[in-house]
Structures are given as structure tokens and as C-alpha cells.
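**Q** Let the hints inform the model, and build the full structure from the sequences given.
Number of protein chains: 2
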Amino acid sequence: MDGHRDIEALIGLMARLPGLGPRSARRAVLHLMKKRDSQLLPLAQLMSDVGRSVRTCLNCGNLSTGDICNICNSEKRANGQVCVVEDVADLWAMERAQVFSGRYHVLGGTLSPLDDIGPDDLHIPKLRDRIAAEGLREVILALNATVDGQTTAHYVARELAPTGVTVSSLAQGVPVGGELDYLDDGTLRAALSSRKPF
Amino acid sequence: MDGHRDIEALIGLMARLPGLGPRSARRAVLHLMKKRDSQLLPLAQLMSDVGRSVRTCLNCGNLSTGDICNICNSEKRANGQVCVVEDVADLWAMERAQVFSGRYHVLGGTLSPLDDIGPDDLHIPKLRDRIAAEGLREVILALNATVDGQTTAHYVARELAPTGVTVSSLAQGVPVGGELDYLDDGTLRAALSSRKPF
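Chains W and X, in that order, give the protein sequences. Using the numbering used here, the letters of the first sequence correspond one by one to residues 1457 to 1654. Using the numbering used here, the letters of the second sequence correspond one by one to residues 1457 to 1654.
No lab work stands behind these hints, which were simulated from the structure alone. No experiment lies behind these values; they were computed from the predicted model shown. Treat the hints with care, since some could be wrong.
Which copy is meant is left open, so a pair is good if it fits within one copy or across any two.
[Unchecked claim] Straight-line distance between alpha carbons at most 27 Å, and here's what the computed DSSO-like set of lysine-lysine pairs gives: (1) K1582 <-> K1491; (2) K1582 <-> K1490; (3) K1491 <-> K1652.
**A** As C-alpha cells, then:
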């Protein structure tokens, strides 16, 4: 228990990561101490590099090494569509799926009166500015299918109505590979009411 | 997905920590990106500090900022007893419990033929040296109550026999607060055969 204060502080910081508690943080730190040269020091270096170089894209809210991210900088992605997501994690999920070729707009959260998150805390004004600035035709709302997510979607749609842009949202329905027996009532109701000609 | 390569590398390194997988590593990294100044950079700094300053005590195998750890340096802990543990984590567990006032000896693992860990990979010769050097009276084996742990305990006890030092081991029995109904057969058998006058 020597060098003790630093190690305890390190465990304390690690324990604040989502998915780690005090116990698993201790295990992780011990693991790192054993792999000092192959893991601990490279991890420290990379965290420091990322922390210093990566910031938020001023246009869309994505993570970026410059003021404007690669996606916003790419002319190929300027197809008139913008996909509105809650969080950078959702943007990553869309990119991993390789299903969308337009640009993104990261709101940075959802409206949540309980957590004191109002419209001013989300990047909605910037989204409205982008519609004219980038000549957007369609705004696709890809927010989580939760109460907060859908409330936010309605709010954004209402805010954008005066601009005349087409606002759409991800379809709700039976997930691919999903079994009806295991689906919740809300999903079944949504899937039924959005049924399509076969 | 800009600054992408560094972030992906960071996620990859985080995913190698015990208790984190690729998905939770991604969550943790995003969390850190959002708390850049309060968590990411301090964590990077602390990891780097700890990685550079903390090493293994040459005497007992504990983590230490110098060649010899605080416990080995403290005259108060020189009570003639040494507690043999498998890992630094076990040493920490003993210290947290504040039940032992002697010194420690960290073996650095257990004998495990399957993992190709033999006697030469553990710090057993050093332990034998310490018996004479520190005038030890008792070696307390605090190894895990697993097959590997107990095999190692027997091996260590046999190695130390020629020195004449007293070798003891932690008692096995019903854990405090334990209910008989939930205990495994092995624990019940050990508790019964080690029964004490009431």
C-alpha cells in the first residue's frame, strides 16, 4: 500500500466510469499495473492525446480533431439530408451500420424537465441555421424510442415546421430477427399501425 | 468519426481491461470525452504518474514507489510474522480488513501446470531467504481456497520445512453471516472437521 495515495486516486477515477464500480476499478488498476509497459503507459498517452486533440465539431456536434469534423467537411456527405441523433454514440451506431450517407446533427441530449434539460441546452437553434446554410431538404429524426426521445422529436419537428423542410423519423416496428412473443405491447401496436402492403 | 483512429485505439485498449468489453469500453470512452477536463485528462495524468513511479517492492512484491515498500520499511510491521498472498489484490484485502500487523510476501501467482506456471515463476526462494534475514517466526499462508491455491500452499510449506519456521494457514469454515443452507459441501466438511470447543 505504498504509492498508495496515487493508486487509490486512480482507482477512484476509474470507478467513476460507467460500467465499473469500486471493485472492478481495483481489478482494472491492478491489471494495468501488471501490464505497465504494454497497457498502462500507452493508455495514459492515448488518453492524453485524445483529450488534447479531440473536440466537438462546431457544425454538427460530432467528435473531431479540427473545428469541423470529417463528415461535415466531406462534400460527398452533402446530399441534403441530415440525421438528428441524441448523442455521439448514436452517430457511431449509424456509421457502423453504414446505412446513411448524409450528415448528422448531435443534439447532445434529450429534453428532460426532471433533469432540468430544456430546449436551450440542446443544439436546436444551430440545426435550424444549418437548414438554410446547407440547403437541407430532409431532417431525419433518429432519436431513441423512449418517452424523452419522442418528446424531443416532437419538439424539434415543431421548431423546424416554419422552415418548410421535410421532417421524417425512423420507423418503429418489429426488429429484424425479432419474435412477436417476446415483443412489448408498444412495439406490437406501432408495428401494426404502421403496417405496409405485402 | 473524426480523430477516429485515436479514439478507436483508445476504445481498443479500454476493452482489454477486465470487466469491460467492446461495448462498455465505447461507453466509457464517450463518457470520458464529455468530461474531458474533470476526468479524461486527470486520469491520463494519474495513469502516467503511477506508471512511472510505482514499481514492485524488491523484498515482498508489493507495489511501491521506492525499491522497498512502506510495509517492509516500517519497523512496526517487523513482528516476526509474514503473510503469504497470491497477489497484490489479496494484500490490499488484508490491509483493508486491518487484521494483520506483520509483513507480507506476494508470490505473484499460484502453481498451475496447465498455465505453465512452475515454482521458478513464483517468489518462493526469496521467501526462504527472508526467514533468516528478517528472523521470521511464523509464515501464514493466506492463499485462495482453490485447488491451485491449496496446491501452492502445500508446496510452499514443504519448501519451508527445512528452515524450521512455523507455517500456518487461514482457517476454513463457515463465513461470518453465512447460512448453512447456501454453503457448498466442501466448506461444510472443512467447518465440521475443524470444529472447536464452544
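**Q** All hints, please: hold or fail.
**A** Results of checking the hints against the structure:
1. K1582 <-> K1491: between (45 Å within a copy, 22 Å between copies)
2. K1582 <-> K1490: between (47 Å within a copy, 19 Å between copies)
3. K1491 <-> K1652: neither (55 Å within a copy, 44 Å between copies)
Consistency with the previously given hints fails for number 3 only.
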